[in-house]
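Participant: Residue numbers (the numbering used here), protein chains in the order written: chain A, 68 to 389; chain B, 10 to 294.
Misleading hints may appear alongside valid ones.
What the hints assert, rightly or not - Restraint-style ranges between C-beta atoms, simulated for each label pair:
hint: 1; chain 1: B; residue 1: A67; chain 2: A; residue 2: R308; range: 32 to 38 Å
hint: 2; chain 1: A; residue 1: R308; chain 2: B; residue 2: P172; range: 39 to 45 Å
hint: 3; chain 1: B; residue 1: G161; chain 2: A; residue 2: N298; range: 51 to 57 Å
hint: 4; chain 1: A; residue 1: A221; chain 2: B; residue 2: Q13; range: 48 to 54 Å
hint: 5; chain 1: A; residue 1: A88; chain 2: B; residue 2: D132; range: 55 to 61 Å
hint: 6; chain 1: B; residue 1: P172; chain 2: A; residue 2: T101; range: 51 to 57 Å
hint: 7; chain 1: A; residue 1: K217; chain 2: B; residue 2: I264; range: 43 to 49 Å
hint: 8; chain 1: A; residue 1: L340; chain 2: B; residue 2: D132; range: 39 to 45 Å
Claimed, not checked - Residues on chain A that point at chain B, a partial pick, calculated with CB under 8 Å:
hint: 9; residue: V173
hint: 10; residue: Y180
hint: 11; residue: G187
hint: 12; residue: F195
hint: 13; residue: A197
hint: 14; residue: S205
hint: 15; residue: M320
hint: 16; residue: L355
hint: 17; residue: S358
hint: 18; residue: V366
hint: 19; residue: P370
Derived from the structure by calculation, the hints contain no laboratory data. Where a beta carbon is used, it is the ideal one built from N, C-alpha and C, also for glycine.
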Amino acid sequence: MNFWRQPGFWLNILLVTVGGAIVLIIRQDTLRETAFTVLMFIALASSLNIIMGFAGYVNFGHIVFFGLGGYFGFFLLSELGWPLYIAMVAGGCLSVVLALVVGAAVLRLRGAYFALATIGINEAARAFVANFQPFGGSTGLSVNFSAYDKYGGASQALWWIFILLWLVTIATVVVSYLVKHSRFGLGLIAIREDEDAAMVMGVKAPWDKTKAFALSAFFPGLIGTLYFFKNGNVEPEDAFRFQMSLEILVMVMLGGKGLVLGPILGAFAYERLRGYLLVSPIFKNLHLALSGGILLLIVLFVPGGAVGWVRERFPRLRRVLE
Amino acid sequence: MFSQISASVIDGLLIGFVYGIAAMGLSLIWGVMRVINLAHGATMALGMFTIYLLFTGAGVNPYIGLLLLVAMALIFGVIVYIVSLARVIQAGYLYTLLGTFAVNMIIIGIGTTVFSTSPQNVDFSLGSIVLGPIILQGTRLFAAAASMVMTGALYLFLYFTRPGKAIRAVSDNRAAAELMGIPSSKILALTFGLGTMLAAVAGGLTATFFPFTILSGSTYQLKSFVICVLGGLGNPLGALFGGLILGGLEGIVPIFMPVSWVPVVEFGLFVLVLVVRPTGIMGAK
Numbered sequence: 068m069n070f071w072r073q074p075g076f077w078l079n080i081l082l083v084t085v086g087g088a089i090v091l092i093i094r095q096d097t098l099r100e101t102a103f104t105v106l107m108f109i110a111l112a113s114s115l116n117i118i119m120g121f122a123g124y125v126n127f128g129h130i131v132f133f134g135l136g137g138y139f140g141f142f143l144l145s146e147l148g149w150p151l152y153i154a155m156v157a158g159g160c161l162s163v164v165l166a167l168v169v170g171a172a173v174l175r176l177r178g179a180y181f182a183l184a185t186i187g188i189n190e191a192a193r194a195f196v197a198n199f200q201p202f203g204g205s206t207g208l209s210v211n212f213s214a215y216d217k218y219g220g221a222s223q224a225l226w227w228i229f230i231l232l233w234l235v236t237i238a239t240v241v242v243s244y245l246v247k248h249s250r251f252g253l254g255l256i257a258i259r260e261d262e263d264a265a266m267v268m269g270v271k272a273p274w275d276k277t278k279a280f281a282l283s284a285f286f287p288g289l290i291g292t293l294y295f296f297k298n299g300n301v302e303p304e305d306a307f308r309f310q311m312s313l314e315i316l317v318m319v320m321l322g323g324k325g326l327v328l329g330p331i332l333g334a335f336a337y338e339r340l341r342g343y344l345l346v347s348p349i350f351k352n353l354h355l356a357l358s359g360g361i362l363l364l365i366v367l368f369v370p371g372g373a374v375g376w377v378r379e380r381f382p383r384l385r386r387v388l389e
Numbered sequence: 010m011f012s013q014i015s016a017s018v019i020d021g022l023l024i025g026f027v028y029g030i031a032a033m034g035l036s037l038i039w040g041v042m043r044v045i046n047l048a049h050g051a052t053m054a055l056g057m058f059t060i061y062l063l064f065t066g067a068g069v070n071p072y073i074g075l076l077l078l079v080a081m082a083l084i085f086g087v088i089v090y091i092v093s094l095a096r097v098i099q100a101g102y103l104y105t106l107l108g109t110f111a112v113n114m115i116i117i118g119i120g121t122t123v124f125s126t127s128p129q130n131v132d133f134s135l136g137s138i139v140l141g142p143i144i145l146q147g148t149r150l151f152a153a154a155a156s157m158v159m160t161g162a163l164y165l166f167l168y169f170t171r172p173g174k175a176i177r178a179v180s181d182n183r184a185a186a187e188l189m190g191i192p193s194s195k196i197l198a199l200t201f202g203l204g205t206m207l208a209a210v211a212g213g214l215t216a217t218f219f220p221f222t223i224l225s226g227s228t229y230q231l232k233s234f235v236i237c238v239l240g241g242l243g244n245p246l247g248a249l250f251g252g253l254i255l256g257g258l259e260g261i262v263p264i265f266m267p268v269s270w271v272p273v274v275e276f277g278l279f280v281l282v283l284v285v286r287p288t289g290i291m292g293a294k
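Between the sequences and the hints, there should be enough to build the whole structure, so can you do that?
Facilitator: Structure (structure tokens):
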């Protein structure tokens, strides 16, 4: 399919590319930190959308791939001195392996049983890593500062990490778009609508689901490595935060699940809103309650998310907003 | 060695009863409504703080406080159902999960603002009974007894009263129950109220022997998931049984390996049971 002629493809790519490019031109540290978080959540939400939005399997433990892949990548580059690029890919690959192994078992479960199992996997992984001595047990690992020297010192390294994250985010969005418009993606959407009917029509559901699960696991592994390297340390409580899994889920719902643009806008809006609430003196403590209220309103009244709502109201925009 | 094992197993089992009724609330809601209540942990935390406030603020005996808590939690649960679930109950599990999770966020958000996250405890003791090498704390014995009474009352309610029978009818087949003249949305609201009540009472009982914060609920919520899966989701009696298994495990495991391995065993077992036998060890109905 000649996707480069589709306005929907370019809109998604442009949003992410231009956003990152502006930060690189302005070159300001605080702006970079904000943009880092936003891009990170865009990539995490877009990757979750592959399994949740397209295939309809709601993963409550998406963060396990971020945590475990990130842990592995961080271990390689900090303890063994591997270069960042290779460690990052290795982190992603570990997440893929985990997804293949775990997916073969839990993807047989459907609906709420799958959702419950993913919660269990995240908690089991957290508890395991907290006891796993090579990964530093419950105190985690801290970076060996010489690791930053290869990238021209810590401040230069942070910019490299940002550029890498930017590229990973663009790649996630492109892959998400390509999946949605491929035969594979159509199979996933058929699984989402009615798995049994899809199998009767010749969709190889078990293998397609596992592929989608593995694909959605790859990007969080990359991002985890970058994120923990940026922070300079990694610990179990930070790497497997159930809360963060749920926040990513909320972002996907906010923008609109099953759409490429949905998670991008959802992550951006949620992150900015949270940033605003956290600094405002009135809402500082209540930001969680307020986010909960917003989530409740979306669930009850706008189940298709913001982009889904616009698409429903203005059918002409459907070719652009996808 | 033997006395050490039996002491920690008995202690674990006593706590297991309380875990059991918490999980029973979750299981009842799942069995009848097909909803996984992600506000379960927050509700437990609310139960803890209700008992705490009644005890430290008004000097109410925690066990009299429990009676008040039962009524309050039932009403609270019905309100939560009307606000967050009534509209989306037919829309599929993703929406009900997120609806209850939104309630969880609201409770935790407001709770953190009001109570902060510093640990509290209810400084109340019922003495203890010494049986040879085994020391049984009064509060735990009482909590186990209260849990058994709750289980018995729930059984009698579900099997011998009209609303209870209506709940079971809706659970079997909502459309058919509706055709027989059962107001199913009211029954669902009642079920959610009962599930919430069980969670809050379990929280209140826990508060009498463990320190807690407003965030403690999430740990117990995860334990409730494990228990429900062990006992079979949607099977309230299985939940009590699962609670005893988990409580027993928490008593036995620390003898053989460091305490920090307990969650690894628990969640490993959880995933294993889900994958191998999703209907639970007891088998769901």
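Participant: Does each hint fit the structure? Answer for all of them.
Facilitator: Cross-check of the supplied hints:
{"no.": "1", "hint": "B:A67 - A:R308: 32 to 38 Å", "verdict": "37 Å, holds"}
{"no.": "2", "hint": "A:R308 - B:P172: 39 to 45 Å", "verdict": "41 Å, holds"}
{"no.": "3", "hint": "B:G161 - A:N298: 51 to 57 Å", "verdict": "52 Å, holds"}
{"no.": "4", "hint": "A:A221 - B:Q13: 48 to 54 Å", "verdict": "51 Å, holds"}
{"no.": "5", "hint": "A:A88 - B:D132: 55 to 61 Å", "verdict": "60 Å, holds"}
{"no.": "6", "hint": "B:P172 - A:T101: 51 to 57 Å", "verdict": "54 Å, holds"}
{"no.": "7", "hint": "A:K217 - B:I264: 43 to 49 Å", "verdict": "48 Å, holds"}
{"no.": "8", "hint": "A:L340 - B:D132: 39 to 45 Å", "verdict": "41 Å, holds"}
{"no.": "9", "hint": "V173", "verdict": "6 Å, holds"}
{"no.": "10", "hint": "Y180", "verdict": "5 Å, holds"}
{"no.": "11", "hint": "G187", "verdict": "4 Å, holds"}
{"no.": "12", "hint": "F195", "verdict": "5 Å, holds"}
{"no.": "13", "hint": "A197", "verdict": "6 Å, holds"}
{"no.": "14", "hint": "S205", "verdict": "7 Å, holds"}
{"no.": "15", "hint": "M320", "verdict": "6 Å, holds"}
{"no.": "16", "hint": "L355", "verdict": "3 Å, holds"}
{"no.": "17", "hint": "S358", "verdict": "6 Å, holds"}
{"no.": "18", "hint": "V366", "verdict": "5 Å, holds"}
{"no.": "19", "hint": "P370", "verdict": "6 Å, holds"}
Of the numbered hints listed earlier, not one is contradicted by the structure.
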